[in-house]
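Visitor: Chains as they are written, first to last, in the numbering used here: chain A, 1 to 565; chain B, 566 to 735.
No lab work stands behind these hints: they were computed from the structure.
Quantities reported herein were computed from a predicted structural model and do not represent experimental measurements.
Please note that the accuracy of each hint is not assured.
Calculated pairs, DMTMM-like style, for lysine to aspartate or glutamate (alpha carbon to alpha carbon, straight line, at most 25 Å) [what the hints assert, rightly or not]: (1) A:K210 / B:D730; (2) B:K662 / A:D297; (3) A:K238 / B:D598.
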Amino acid sequence: MSRITIDPVTRIEGHLRIDAEIDGGVVRKAWSSGQMFRGIERILQGRDPREAWLFTQRFCGVCTTVHAIASVRAVENALQLEVPLNAQYIRNIIVAAHAMHDHIVHFYHLSALDWVDVVSALKADPAKTSALAESLSTWKGNSRMHLAGVRDKLQGFVDAGQLGIFQNGYWGHPAMKLPPEVNLLAVSHYLEALEYQRKVNQVVAILGGKTPNIQNLAVGGVANAINLDNQATLNMEKLYQVKDILDEMQDFMRQVYFVDVCAIGAMYADWLGYGKGVTNYLSVPDLPLDTRGTQFDFPGGVIMNADLNNVQEIKTFNEPFFRENVTESIARAWYDGDWSKHPFEESTDPKYTQFEDNGKYSWVKAPRFKGVPMQVGPLAQVLTGYALGHKPTVFWANKTLETAGSIAKTTLTPAVLHSTIGRHAARMIRTQVITDLALKHWNLLVNNIAKGDTDIFNEPVFPKGEQRGFGFHEAPRGTLSHWIVIRDGKIANYQAVVPSTWNAGPRDAEDQPGPYEASLVGNPVADAERPLELIRTVHSFDPCLACAVHTVDVEGNEIARVKAL
Amino acid sequence: MIRVLGLGNVLMGDDGFGPFAVRVLEATYETPDGVEFVDVGTPGLDLTPYLLGMEAVIFVDTVKSAGHAGELRIYDRSDILRHPPQTRTGGHDPALKEALLTVDAVGNGPKDVTLVGVIPAWVATGVTLSPPVETAIGPAIAAIGQTLAALGVTLKRRKHPRVPDIWWAA
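With the rest of the complex left out, here is chain A (with noise of 0.2 Å):
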């Protein structure tokens, strides 16, 4: 028995260790433990309510916008404040906008180097690359040409022993299996990517105003005046620089990223036996269509076990069943007490002892919903919307099925999805779903407005007396809840329960471990010193519990992050 402690706080504080039990080459047990004390909602109270969003934004410096439409979902949702047309529909395009931008960075710039050998892309055959990916794609980066030239870029660093970027990875590892050509396709694809990224974050800042905060929002709606002639508003040349990013975005999550997940999904067809961990998943429905978040573009639910046939949906804004079933534990976490709560009930009062594997070992706490733990993220809405028939969803996951199996010449089923490539490909999945949902949407704000419904804002007003709200929004991390409690105009009380507490939370009284714990157990580990496997699997949830501040440690020497005992 040996043990693996991943642990990258030793540079800065903050952030998420892993811990992982190894026997025979196979993860046993796994902790999973955010290291850094939040506790950020506390700032709140007290506040003006209408102000939460500005603060709540800046919990995370990744997941700005998803704080903010929580947080005024939330206030709104306290005083049943209705929210116009055009309001739901900007905030709609922004999130998709968001949505795009981050499951990009996420799959090539933030994990794609975990499965993509970069080294062994300098072997490739520039012309049968282009061949290869010729036969799968149609897209204009695939040239023989562009290809040499990155290859040639890549041997330049190399030659210079400058690998920048790509000096860090597991270069050589075992569990490393593409052939030369996909590597260097997706290192190509790689450097495309991080243009994409920014042309999709420019439709958040035409729409919000400003990145990486927003500043367009506020509880009742959008601070979006709307004057199709006129330079200073929402006008018409705005709304068509934002049409124009979307179609060629949608050429690219097409053309490239779909082909690339499937592609190399395909090769890695035995990950998709490993990381399934918890198979409880929830997602909440999203991209409202009225007033009053009735009706979704994005349907939600509940699904308990893998049993895809058993789905509860969660229908609306006001939904009980959501409202009534999510509790946070800290029976595991540092904080005082051993509680179980509703968020509304929640204190935050940490009390940190050391790391105890059979005790205390993390400061996030672990959230349940009717006391078990959930997996959240692209693949429980996947899941979900599978599950819920709805449409776009099942084209597009049957799509990759079909797809990923002709290349690994099998037959996949929507079972293969449990697993850590299933993860990949589920955040894949959405993303195609979201790229043709922001054109919808696109489409609804502009006939809207050509009805002449210009209404962005609906005045909130603060009765006397205590209102409770909840907001939800399912971000790109998944199912995100921000908890209110209001008295006589003011914050009394405020919870926000992120998706990668869900995913990233310890164990609780009933010693249930969390998804992240779960899902480790069973992977295979070849070089303890180079735990590449593990990485995969806590990437492929795309963990972001670390952004909540930036001190820069420049003079710090190497330390080593990797402890294998």
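Fit chain B to the known structure of chain A by using the hints.
Guide: This is chain B only, laid out in the frame that chain A set:
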């Protein structure tokens, strides 16, 4: 094009130094042509869109270094990239080095990079700066001004300075 980017979390005490300093800068000085001042928060690898195609970038951030709170440390590109980035569990850890190296890989990164850093006194939940770190804003802006001057850009004081938009500390 040159960008001055304030990095840090405004809800975490001195970590908010970068955004704070950039907002004082834009309230006190005219924004020169071809220059942008941006409070970027804690974007992780999402910093890359702000670096692509830039001639020069000046970061303002808190730094870990031996010394007293409020002392400035000025680093250049080679200082920042001297030690390689490390394997990250979360994909979104603070990613200054990674973002610079990523835009370099495309060949479209900034040639001149300066980090104006301050040593923090405390980084914990809170919306105000500690006194020594708040005092460092003036010297940090002076350092930004010198860096811009070396790039051929002059900072001009506003005739009518604005009140800095530090909305979180209000």
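Visitor: Each hint should be assessed against the structure and marked as holding or not.
Guide: Status of each hint after checking the structure:
1. Restraint check for K210 of chain A and D730 of chain B: the C-alpha separation of about 15 Å stays at or below 25 Å, so the hint holds.
2. Between K662 of chain B and D297 of chain A, the direct Cα distance comes to roughly 39 Å. Violation of the 25 Å bound is thereby established for this hinted pair.
3. Using a Cα cut-off of 25 Å, the hinted pair K238 of chain A and D598 of chain B holds, with the two alpha carbons roughly 23 Å apart.
Of the numbered hints listed earlier, the single one contradicted by the structure is hint 2.
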